[in-house]
Structures are given as C-alpha cells and as structure tokens.
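Chain by chain, the residues:
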Amino acid sequence: MTQVWPLISADFKQRTRQQSFVVTLLAMSVLTLLFFPSPDAHYQTLVINGYRGIYNSAWLGVCLAMLNVLFLPIICFYLVKNALELDRQSMTGELIAATPISKQTFLFAKWCSSVLILLSIVLVMLFSSLVIQIYYGESYQINLWALVWPQLVFVLPMLLAIAAIAIMFESISWLKGGLGNVVYFFLWIGSIVQSLESVSGIGALLDNLDLEIAERFPLQQGDTNIGVSISNQANAIKTFVWQGLEPTFVHLWEALPLLFICLTCLVLAFIFFDRFSKNSIPENRRTSWLNFIVKTRLGGHLDIIFAALTQHFAFTRLLRLELKLILKGHSVYWFMGLLILNIIQMFVSQALLVSLVLPISWLCCVLVISQLGQLEKLSNTSELITYSKQSSILQSFACCGAAWILLALASMGSVIRFTGSAEWLLLVQMIVAISFTVSLAYFCGTFTGSKRMFEVLYPALWYIGPIQAALYVDFFGVNSQASWQAGVPYYFVAISISLLMLTISAKSTR
Amino acid sequence: MLLDIQSLSHHYQSGKNTKLAIKSLSLQVEPGILGLLGPNGAGKSSLMRILATITKPSEGSIFWQGQDIIKSPQVLRKELGYLPQYFGVYDQLSGIEFLQYIATLKGLRKSIADHSIEHLLQKLNLTHAAHTSLKGYSGGMKQRIGIAQALLNDPKLLIIDEPSVGLDPQERANFRQLLTELSDERCIIFSTHIVADVESIADRIAIMHSGHLIQSDSPSALQHKIANKCWQLSANFNELKQMQQEFIVSHSVRKGSMVELNIVADSCPDARAIARTPSLEDAYLYFTSKREAPTAYARAS
Chain A
282 MTQVWPLISA
292 DFKQRTRQQS
302 FVVTLLAMSV
312 LTLLFFPSPD
322 AHYQTLVING
332 YRGIYNSAWL
342 GVCLAMLNVL
352 FLPIICFYLV
362 KNALELDRQS
372 MTGELIAATP
382 ISKQTFLFAK
392 WCSSVLILLS
402 IVLVMLFSSL
412 VIQIYYGESY
422 QINLWALVWP
432 QLVFVLPMLL
442 AIAAIAIMFE
452 SISWLKGGLG
462 NVVYFFLWIG
472 SIVQSLESVS
482 GIGALLDNLD
492 LEIAERFPLQ
502 QGDTNIGVSI
512 SNQANAIKTF
522 VWQGLEPTFV
532 HLWEALPLLF
542 ICLTCLVLAF
552 IFFDRFSKNS
562 IPENRRTSWL
572 NFIVKTRLGG
582 HLDIIFAALT
592 QHFAFTRLLR
602 LELKLILKGH
612 SVYWFMGLLI
622 LNIIQMFVSQ
632 ALLVSLVLPI
642 SWLCCVLVIS
652 QLGQLEKLSN
662 TSELITYSKQ
672 SSILQSFACC
682 GAAWILLALA
692 SMGSVIRFTG
702 SAEWLLLVQM
712 IVAISFTVSL
722 AYFCGTFTGS
732 KRMFEVLYPA
742 LWYIGPIQAA
752 LYVDFFGVNS
762 QASWQAGVPY
772 YFVAISISLL
782 MLTISAKSTR
Chain B
24 MLLDIQSLSH
34 HYQSGKNTKL
44 AIKSLSLQVE
54 PGILGLLGPN
64 GAGKSSLMRI
74 LATITKPSEG
84 SIFWQGQDII
94 KSPQVLRKEL
104 GYLPQYFGVY
114 DQLSGIEFLQ
124 YIATLKGLRK
134 SIADHSIEHL
144 LQKLNLTHAA
154 HTSLKGYSGG
164 MKQRIGIAQA
174 LLNDPKLLII
184 DEPSVGLDPQ
194 ERANFRQLLT
204 ELSDERCIIF
214 STHIVADVES
224 IADRIAIMHS
234 GHLIQSDSPS
244 ALQHKIANKC
254 WQLSANFNEL
264 KQMQQEFIVS
274 HSVRKGSMVE
284 LNIVADSCPD
294 ARAIARTPSL
304 EDAYLYFTSK
314 REAPTAYARA
324 S
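Protein chains in written order, with my numbering: chain A, 282 to 791; chain B, 24 to 324.
The following block holds chain B by itself, in its conformation from the complex (with noise of 0.2 Å):
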C-alpha cells in the first residue's frame, strides 16, 4: 500500500502572472501518519486537494498501489476519506441521515453503512445526537460529524486537512488517540500548521513551504537535525524585541521580571545561553523560517 507523488506541480493564474502552488514535490506515503507541516500559502491545501482527486495538477504523477490517480480518479476515490478545511454539511438532515447520504454517495451497501455509522457515532461521542438537526450541532461536533464522514468506508488513505478546527483540548486528545488506532493499517496524511497536533502521533513529517517540499523524514531525524542549535535564555523584557528580531524565538514564558526564552539559531545567541533539548516546534520554525526574510517568529505564553 503506497502512495507515490512524483514530480508534482501546480500553477494557477493571479492577474497577470503564474503563481505557484507547488513545485516539483515528490513524496512517498506509507502506511502510518504523515504530518504535513507548513505556513499558510504553503500549498497544504492545493496539495491535499490534489490526492483527493479534486483538482487536477499541472505536471506530475501520483500513483496509488502503481495505478495512476490523475487518470484513473475512482480507483483512488472507493478507498479514500478526505476531510476538508472548510466543509459544510445538509443542516436540514439529521447526524444520521447526512452519514447514509455520504455513505451512498461511496457506494456502501446499507447494511455496511448502517453498521459503520453507529460505530462512528459512538467512537465520536455522537449517539445521542444522532437524530438532531446538524443546524443545531455546535461546531465540534459539526467536526466531528466530517470526521465520522471521512472514516465511513474505512479507507485506505486517510487525507484529513485541518481537523483539528473547532475541537476542544479532550476532544483533540481523542482524535489523536483515533488516529494511532487506524494508522497500522491505512496511509494518513494529517495537514496542520499547529506542530504539537501531529508530535506524538506522526510517523513522518514533510514540511511544505512556498510550494516546495523542504523536509521530509521522522520527527526524531528533524530533531536531530537541529540537535546544537537550541538554545534558552533568560532575559528581560527590553531584550525581548531585540532576540525576537534577531534569532528565531520559539518560545517565550513570563517569570517573575524576566522572560524565558526558547531560541533556535546556528551558534549561541548569548553568553547567557544554555543549549537545551530540541522539540518538533523548533526543527519546524528553522526549516521554515530559512526560506523567509528574517522576521520575528514567537509564541507567547
């Protein structure tokens, strides 16, 4: 079970000029979960759509299991689950009805579908709404409704991009604890721009930036990456602004009149630094950051 990206592109007109939305990205995708990190206009989105069979790209192939996607869409699309950024749903249906719909829309038989939707509404917390409008369903479980949708034909590629959206801190916990349950048996491509969604759960993680692929590999492998260029520092606060423009400020925590600061640079930023251990936030500013004009990068706490 494989999914594999070769050469791919996408362009699109804007005015005048061609923009691009990804360039020549190749990527291997196996069984496990792909985090798929980067700043928004990465081309995060461009590039799910694209697996999703939804657009077409300008060059470039994608294989599923050796078959061409691009020019055979349904053979991916019988074993696929996409889960949108922005999706919406028939609020006139109930929780229930919008699932049968979905599930006859990928050809389940019924009684597949009805068995697999009870399951999912239960894994989801949703039973006891399965029969309320979904005008009445907060946003959660709205999320959670194109979570169950996205899992109805147990697929065997999982393209979920920013699922996270609108769920609490439980019931994100949750989510990431459905997600290691799948992942033994199916490829599933997590696209986020918030690092610790995809941390503990990631078996891989490709970062994206300006539409090129910039890292691909395990997330210990990036931490590795940047193992001696992780520094932290306790500073005041009128130096703040100064290392913020300077180095790439992680992280920042408020003590006392002085602010602690987790700092990714090259060499050590001040006498004061000590080298500290590296997390997935910090290898994914640096690789991110690398490509950008030098601005400040923090987040406070």
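The following block holds chain A by itself, in its conformation from the complex (with noise of 0.2 Å):
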C-alpha cells in the first residue's frame, strides 16, 4: 500500500484540482438541499403513503442514501469515467507505459482514486444534509451514525461498483468513447427499476416503510413517491417522527451482488486494458472492402454532387466542409444502421414512428453531433481556425448547418412519408425537434468543452420525452395534439434560438 499511496495521491489531486470539480461538489450540495424541500414547499420528493418523516438525522440518512443508490450511478459514472482517458489524452500513457508498474497495481490505484472521489462528493451530501437538519430545525438531536451508515451500507458498495465499471468501460476498447456512454445510460435506466423492485437493498427498506407507516397510520392511505411530486396544497404531506433502524447482517449481505460486480468488472478491466500499447495513431486499422465500397467510392461519387451544388458560395461551401468533417471516421455500419432506420421508417405504423422508430434514428446520431462545439478542441486546431476564420457567426451556422442535414438525413424516411400524407404539423414538430437537438449539442460542447456533456443529457431528455411522453420535456411531439394543445413547440422553437444565440454570442467573444 506505501508503493500504490503516491499513485493514488497524485492521480486524486491531478482530478480534483479542477474548476469543474468544485462545480460538482457545489451541484451535488444543491441537489441534496433540493432533494430535502422546505415543509412550505410545493413539491415533495419522498412520501410514503402520504406521509414523510421529520428531518432528523434518521429519516435525512435513509432519505440520502436513496437519492444516492437512484441518481449517484448516472451522475458519478459520468464523473469517474476518465481515470485512464487522462493519461491517454495528456499523453502521459506513453511515460507510464515504459514504467515497471503492474497492470494490477495501475489499475487498482486508478480505481482508489475513483472511489476517493465519489466519496468526497458523498461527503459534502452528508454535510449538507446536517446543514438542512440544523436549518429546518424540526429536529436538532444530531445523530451521526444514523445519518452516515445508510451511506456506508447501501451506498458505498455501489460507489466501489460504479469506479470500478467506469474503468472496465475505459479498457475495453469500443466501450471507452461515446458508444460506452449511451450504453451505460441504458444500464442505468434498468438498473433504476431493478433497484426499487428488488427484495433487497433500497427497495427492501422502503417497502419496510412502506409496512412500518400502515401500521403506525392504518387509516391514512396515501400516495407513495420517490422522486419530485407537485404539491399544490402546502402542508398536504404528513409528518411522523421515524426512529431509524440498525445495520444488519442482512443489510451487509445484500451489499455483496455490488462487491462482486466490482470484483468482476476490476477483473475484466484487467484482461482488456492495454497498457497504452496502442499508438494514439490508429496504426492497426483495417479498412474493410465494404468500408472501401461505401465510404470512399459511393461517398466520393456524393460528394462530388454536394461540392458542385455548394460551389457558388461560400457558406456553402463552409456547409459542405462542416458535413464532411463530422462524419468522418464514423463506421461503414453506422451509416448503414442509418439507411435501414430510414427505410423502416417508411413502413411502421405512425405511432411507433413517432414514439420510437425516428427517436432512435435521432439518438444514433448522439455520438456524432456531440463533437459539435468542440470539434477544433477535440482536434487540436483552435489556433489555426481562430486566425483563419472569417467569422465566426459564419462558422457557427455552418457547423449547426452540417448537424442539421445529419438529423435530416436521419429521418429522410418519415420526411417523405410526413410530406405524402400532408402531415404538416408532424413535419413542423420535426424540424422543431431537430433544431433543438442542434442547439442543445451546439451549446452543450461549447461551454462543457467536452462530448460528454449532450451524450448525457440527450438521452436522459430522449427517455423522459418521447419515450415517456412527459408533456413538457417531449421535444419531440408525440401526443401531437396535445403537445401543440399546451404549446409546446413554441417553448422549443423559444429555447432552441436562445441557445444558440447564447452558443453564437460566447464563441464571438472567444
């Protein structure tokens, strides 16, 4: 342990001395406040059977360690997921390539340090939840150990797992980009329902709840909710005081499903990573005969079209290039994968066009609309494209442009099929759609400087919009009626100029 300390040190102050860090550190202290609203407030996060506990340090510590098993997963992977990306985007791969260190041995620090950094953030959750306690004052008996075991029980085990997928998914080579990102999301969204369903862990806990308030209150039935319920009545919620319960052997054992996914993926990171062999120049690339075929004969025959179509000016031009840029490098399956959504999108039935089919079109395209913002970043050519360009309004528009036709082109399908049936609103809710999609990327990369950001929130804005239908966040339309009903579009048309202008106005001043 004196040999991996110094690594795990360094690696740890190397992350953490970051302005973004402390930004996480403050979000993560604003969402605990949050998620503890005042007994005046509108909304309310848990209830049970209409009931809630007075914020003592049982009921805050319990109430934690939920709001951490649901959203720590989805918001510390994303933070923790870039333990080895550092090295190999700072270069210092190569240094510690040459070094005598054990895979193991790298490894096992990377993973330290991880979980050194989930649990600084835990840290400034449980400080913020004593801060809520003192401050709300409906309980000033400070029991620490009631606020701190949920976090040690249930939320630890998991915050060993998540550092531990995140570096598994950074050494398999075609889960460390972008691809891996929405994967995890997905994993996320299961794991969400598996975590409130299961017998054990959290959901076993809030089905004792659930069982402790029908006992203590068996005529008062109530709505049970975790996450954000409107209140219109202030007060409506009722209080009861909970005494908390002690750790169990039960509650260690069902903690060890987590330890073993950490034990498996830290082995599995093991097996795959490369210990920065591979050269940051894809030298081992095979280009395949279809590869060949589509992207070099087939793209080249297009783009001699598209050039002589956009010869005569020069955003057009600028158009082209941008398209060009975005997709390169992109597999010869991917744009297949887009041409076979394109002609089912011809042939399914209207609603599971509109609900499904043309959202994943859409999120296929997550991975390469992320770029924009930051392509010049990502590519190392700020300087050159600051001193060459014209303007960079021009620029701007251009790369949104070449987006744009990508998300177009995406749904070409339903364009077609929209146009044919005199679809007209639909088709306006698309475009709609699209230009939002654009802005969000477009702003997302500009100010985060980083693809992870949209390849984050796209998705999570996908699923609780056209998937679930949430009204508001359905950028998409898929109860159009009633999308159109409550104005919607208009909202989205609203943020989608603001965005953008906002993107245009911070690149200028660049």
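Treat each hint with caution, since some may be false.
Straight-line alpha carbon distances no greater than 20 Å define the calculated DMTMM-like cross-link-like pairs of lysine to aspartate or glutamate that follow [as the list claims (entries may be wrong)]:
1. K658(A) - D114(B)
2. K179(B) - D27(B)
3. K101(B) - D114(B)
4. K264(B) - D293(B)
5. K294(A) - D114(B)
6. K133(B) - E102(B)
7. K79(B) - E102(B)
8. K252(B) - D293(B)
9. K158(B) - E664(A)
10. K294(A) - E120(B)
11. K788(A) - E664(A)
12. K94(B) - D555(A)
13. K313(B) - D240(B)
14. K519(A) - E493(A)
15. K46(B) - D27(B)
16. K609(A) - D584(A)
17. K559(A) - E82(B)
18. K79(B) - D91(B)
19. K179(B) - E53(B)
20. K158(B) - E366(A)
21. K384(A) - E102(B)
22. K79(B) - D555(A)
Hints are computed from structural coordinates only; laboratory data are not their basis.
Using the hints, put the two standalone chains together into the complex.
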C-alpha cells in the first residue's frame, strides 16, 4: 500500500484540482438541498403513504441513501470515467507504459482514486444534510451514526462498483468512447427499476418503511412517491417521527452482489487494459472492402455532386466541409444502420414511428453531433481556426447547419412519409425537434468543452420526453395534439434560438 | 551490458496494404551514445516504442543482457529511462509531485526517489519551479521535466526520442553535456533528425531509412566513407536551383551576389568545385538520398 498510495494521491490531485470538480461538489450540495424541500414547498421528494418523516438524522440518512442509490450511478459514472482517458489525452500514458508498474497495481490505484473522488462527493452531501437538519429545525438531535450508516451500507458498495465499472468501460476499446456513455445510460435506466423493485437493498428498505407507516397510520392511505411530486397544497403531506433502524447482517449481505460486480469489473478491466500500448495514431486499423466501397466510392461520388451544388457561395462551401468533418471516421455499419432505419421509417405505423423509430434514428446520431462546438479542441486546431476564420457567426451556422442536415438525413423516411400524407404539423414538430437537438448539442459542446454532457443529457431527455411522453420535456411531440395545445413546440423553438444565440455570442467573444 | 536487436521487423495495416515500419533490423548497442538518425517516417519512433517495451514487434528478438525482453519486458523496464517524442504531464501537479508520481510508478523507494528528484531538479535547473504547477511551465521546462523523469531510476538503458525539441540553444548544450556525463556507464539511444544534436556526442551513429538500417558506424567512419565525395562551390543564384536538382546540397551560405554551396557528389560536380572535409550531415544526406528519388536537399543559412 505504501507503493500504491503516492499513485492514488497524485491521480486524485490531478483530477480534483480542477474548477469543474469544485462546481460538481457545489452542484451535488445544491441537489441535496433540493431533495429535502422545506415544509412549505410546493413539491415533495420522498413520500410514503402520504407521509414523510420529520427531518431528523435517521430520516435524512435513509433518504440521502435512496437519493444516492438512484442518482449517483449516473452522475458519478460520467464523473469518474476519465481515469485512463486522462493519461491517454495528456499523453502521460507513453511514460507510464515504459515503467515497471504492473497492470493490476496501476488499475487498483486508479480505482482507489475514483472511489476517493466519489466518497468526497458523498461527504459533501452528508455535510449538506447536516446543515439541512439544523436549518429546518424539525429535530435538533444530531445522530451522526444514523446519518452515516445508510451511506456505508447502501451507497459505499455502489460507489465501489461504479468506480470499477467506469474503469472497465475505459479498458474496453469499444466502450471507452461515446458508445460506452450511451450503453451505460441504458444500464442505469434498467438498474433504477431493479433497485426499486428489488427485494433487497434500498427496495426492501422502502417496503419496510411502507409497512411501518401502514401499521402506524392504518386509516391514512395516500400516495407513495420517490422523485419529485408537485403538491399544490402546502403542508398537504403529513409528517411523523421515524426513529430509524439499525444495520443488520442482512443489509451487509445484500451488498455482496455489488461487491461481486465490482470485483468482476476489475478483473475484466485487467484483462482488457492495453497498458497504453496502442499508439494514439491508429496504425493497426484495417479498412474493409465494404468500407472502401461505401465510404470511398459511393461517398466520393456523392461528395462530387454536393460540391457542385455548394460551390457558388462561401457559406454553402463551408457547410459541405463542416458536414464532411463531422461524418469523417465513422464506421460504415453506422451509415448502413441509418439507411435501414430510414427504410423502416417508411413502413411502420405512425405511432411507432413517432414514439420509437424516429427517436432511435436520432439517438444513433448522438455520438456524431456531440462533437459540435469542440471539434477544434478535439483535433487541436483551435489556434489555426481562430486566425483563419473570417466570421465566427458564419462558421457557427455552417457547423449547426451540417448537424441539422445529418439529422434530417437520418429522418428522411419520415419526411417523405409526412409530406406524402400531408401531416404538416408533424413535419413542423420534427423541424423544431431537429433544431432543438442541434442547438442543445452546440451549447453543451461549447460551454463544457466535452462531448460527455450532451451524450448524457440528450438520452436522458430522450427517455423522459419522447419515450415516457412527459408533455413538457417531449421535444418531439409524441402526442402531437396535446403538445400543440400546451404550446410545447413554441417553447422549444424559443429554447433552441436562445441556446444558439447564447452559444454564438460566447464563441464570438472568445 | 548490451542490447542486442536481432532481425526485428514491425508492420501494420494501412487500408488494404500492410505497411512496413521496420524491416529485418539487427543492431547491437553497447555503453555509450548511439545516435539514431533518419528522415521522418524512417521508423525511428516505432523502434523506440518497441525498445521501450510499449509495442510488441511483429518479428524478431531483443535481448537485454541476455534476456528476451519481448517475452519478459519487466526485466528491462526496471532499468529503463524513456523520453518519448510526444509526451504529456499532469498539469495540475507541481514538478516535484509529478516526479514523485513517476518515481512511484518506477518502484523507487521514497528516500532514493527524494534524493534523485532533488539532484535532477538541480541539474536541470528546475529547482526554482519545483513547487509550481506544471500548467505554468514553458515548453522547455516541460521538456526538462521529461528528461528528469527518464533519469529518475538511474537507468542502464536510456531511450530518448527527439529530446531537444523546445529547448533553447543553452539548454541544448547543457543537455548534450549531461548526456556525455551519463554515457560512460549506460547505453543511450538518442533518436533525432537533427544531425548537429548527435554529431559531437555520439560514439556511434545508426541511420534508418524506410524501416531499414542503412548504416551503423562511428561518426568518423561514416565521414571517412564519403571522404572524396564532398565539394565546395561558389555559384550565382541562377545556378543554385540547377545544382539543387542535380546534386545533394548539404549547406548554402550567401556571400554577396554569390552563394557558397556544400555539395555531396560521387564525382566533381563542376570545374570550379574544390574538395572539402566531410561532415556527419554530408554523410547522413548522402546515405539517405541514395534511397530516395532525386529531390533537392538544401539547408539554407
């Protein structure tokens, strides 16, 4: 351990001495404050049978654990999925590869520093809960153990697993990029359902609370909710004093599956980690026959036509080049997948098309348009571009236009279909949705300087909006009539324009 | 102490073709400085990465003091110092923290690491910036930190790829001096395409071209091989272009309305030309140009 500690320490310092880490800690603190609304707030978070516990240490500890179990997996994964990427991007990997450090020691140190980062977040959240208890003053009796043990029993094993999963994703070549981010998002969606319905862990705790409240207040039958529930009547939620419970061996036993996942992921990371032996220049990539035909031959011919069409104006020439830039380097199978989805769009039922096939077609473009706003940074051409470009506004429009064209091409089957059946409202909604997607990608890329924000945010919006049909998040208008009645497309037009203008003005001042 | 490279080949896929980075390269490296010269794309960096145990070669063997390092890379890693051409640092750490980190990766005991770090920071004139974040380092300072990390474990084999990039003339001279001091008791492989960097310090020069080792000898022997092929000629500017097309022009200096050319050619290029003493740069250009289509070689000054 004396050998490993300096590695953990250096890695921890490098990853936490960033402004973004301080912002993350503050954001998590704010999230904690929001999760425990004041008694007169118009929303509630954890309500069981119409009751919530008073804000004492026991209730805050368990609620915080529930919040962490549900939401930390998604937040923390993206936060620590940069342990190996850091060495690859900073090119420190070349130095590390030539040292005698073993793969297992190196990965273990990386895992430990990721765990430390996650623990520091939970510590900040714990501290925030303590402040909340004192501030609301529903109970001034501080019981640190009651506050901490749910985090140790329910949250810590999960943090160990998240850190290991992140390292594993980074070690497997096809999971280390944007595809891994999207894959993990769906794993998380599945894990929420699993956590809540599980007969062990937090699911069992919730059932116990449900039973206890039912026993204590048999006449009261209200709603049970984890998440955000809007309540128009202040104080509609009744409170009770919950003394908490003590951890048992059963609780510890229930953490074993997570520890097993953690161990398995570490073993897999060890197996797949290349010890930075792959050169940053992809010298071993083989071009397949299919790749050659589709991308070189077919793509070449299409480009000649496109070049002829766009040659007359500076903007259209730039638009063509921006489109080429964002499409470069993608697999031929991706192009073929989009083509197949376009064909499917022509033949499925309209309900299925709007609620599933079109969103999937766009989700396929997430990894491509997530580059918007930071292509120069990714390819290290910022300085060349800055002094070369005549107008940052022109470049911004060309860049967004290229992404817009890509999404339009991904939905060409639907465009033909809607036009044929004179579904003009749907067509307008699709245009609004494309514009919103592009401006959001451009905004996220420019302001965060990373692809990750959009890769996480967009699937989340995609899931809550078009898939779960939450009216005000449904930028797609799955339920078209209700959407128009509520004026949702107008909101999204306004948001799109605002995001775009904000981004362009930020780019112009840089 | 010996590094023995036997029939080393390395190839990679590029499109439909298999491209050759290194072809049947055999070389013995003994204590002292081996200058590895070659144009861009000659395979120097591929060879460096293989010797640094980062990449495994397609064919061939490498023995370090009799032990096969392709099968057992750890044997060499303990005694290796490596400075790649392109490398990065943890910019949020201070110079001393970064070196402590690398020292731990190299498995050095804390007391030894601390002593070594202090000594190297002093030697490389970085003591004043030891506690400053690497983010604030200039290019030359980062390069010196790179050199320091390579020397941390007092390596028996030191592999340095284009180390003088970013160093100012004074730092380059200091670095050459440092390498000379170190070269008595270890093997140093110094890869570059700047001949002047190795001319005065290398015990031996290996020249690579298109993945092949085309020459391996002492600097004086290489110069001797082209002893009767070096000429000096004063020409006017109109003749310069023609001379560059026909011969290897290793150096040109403007003198009034004329230009003085150093030419490398098998026979006397012009009746006005006089024989001159060959330099290592002449030898390098002569051997590498023989493998290329005739193009102009000139270094204007």
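Hints, one by one, checked against the model:
Of the supplied pair hints, the one linking K658(A) and D114(B) holds, its CA atoms being roughly 17 Å apart against a limit of 20 Å. The straight-line distance between the Cα atoms of K179(B) and D27(B) is roughly 14 Å, inside the 20 Å bound, and the hint therefore holds. Note on K101(B) and D114(B): the hinted pairing is violated, with a Cα-Cα distance of about 26 Å set against a maximum of 20 Å. Between K264(B) and D293(B) the CA atoms are separated by roughly 15 Å; this keeps the pair inside 20 Å, and the hint holds.
The suggested pairing of K294(A) with D114(B) holds, with an alpha-carbon distance near 10 Å, which does not exceed 20 Å. As the CA atoms of K133(B) and E102(B) are separated by approximately 17 Å, the hinted pair is consistent with the 20 Å bound. The straight-line distance between the Cα atoms of K79(B) and E102(B) is roughly 18 Å, inside the 20 Å bound, and the hint therefore holds. For the hint linking K252(B) to D293(B), the alpha-carbon distance of about 13 Å falls within 20 Å, and the restraint holds.
At most 20 Å may separate the alpha-carbon atoms for a hinted pair to count; K158(B) and E664(A) meet this at roughly 18 Å. Taken as a hint, the K294(A) and E120(B) pair is honoured in the structure, with Cα atoms around 10 Å apart against an allowance of 20 Å. Under the criterion of a C-alpha separation no larger than 20 Å, the hint pairing K788(A) with E664(A) is consistent with the structure, at around 13 Å. Distance restraint check for K94(B) and D555(A): the Cα-Cα separation of roughly 16 Å lies within the 20 Å cut-off, and the hinted pair is therefore satisfied.
In summary, the hint linking K313(B) to D240(B) is supported, as the alpha carbons are separated by about 17 Å, within the 20 Å threshold. Distance check on the hinted pair: K519(A) and E493(A) sit about 15 Å apart at the alpha-carbon level, within 20 Å; holds. Proposed proximity of K46(B) and D27(B) is supported: the alpha carbons are some 16 Å apart, at most 20 Å. At roughly 12 Å between alpha-carbon atoms, K609(A) and D584(A) fall within 20 Å of each other, so this suggested pair holds.
As the CA atoms of K559(A) and E82(B) are separated by approximately 18 Å, the hinted pair is consistent with the 20 Å bound. Restraint check: the Cα-Cα separation between K79(B) and D91(B) comes to about 12 Å, which is no more than 20 Å; the hinted pair holds. Taking the CA atoms of K179(B) and E53(B), the gap is about 11 Å. The hint holds against a cut of 20 Å. The hinted pair formed by K158(B) and E366(A) meets the criterion: a straight-line CA distance of about 18 Å does not exceed 20 Å.
Annotation: proposed proximity of K384(A) to E102(B) holds, straight-line Cα distance about 18 Å (limit 20 Å). This hinted pair checks out: K79(B) and D555(A) have alpha carbons roughly 12 Å apart, not beyond 20 Å.
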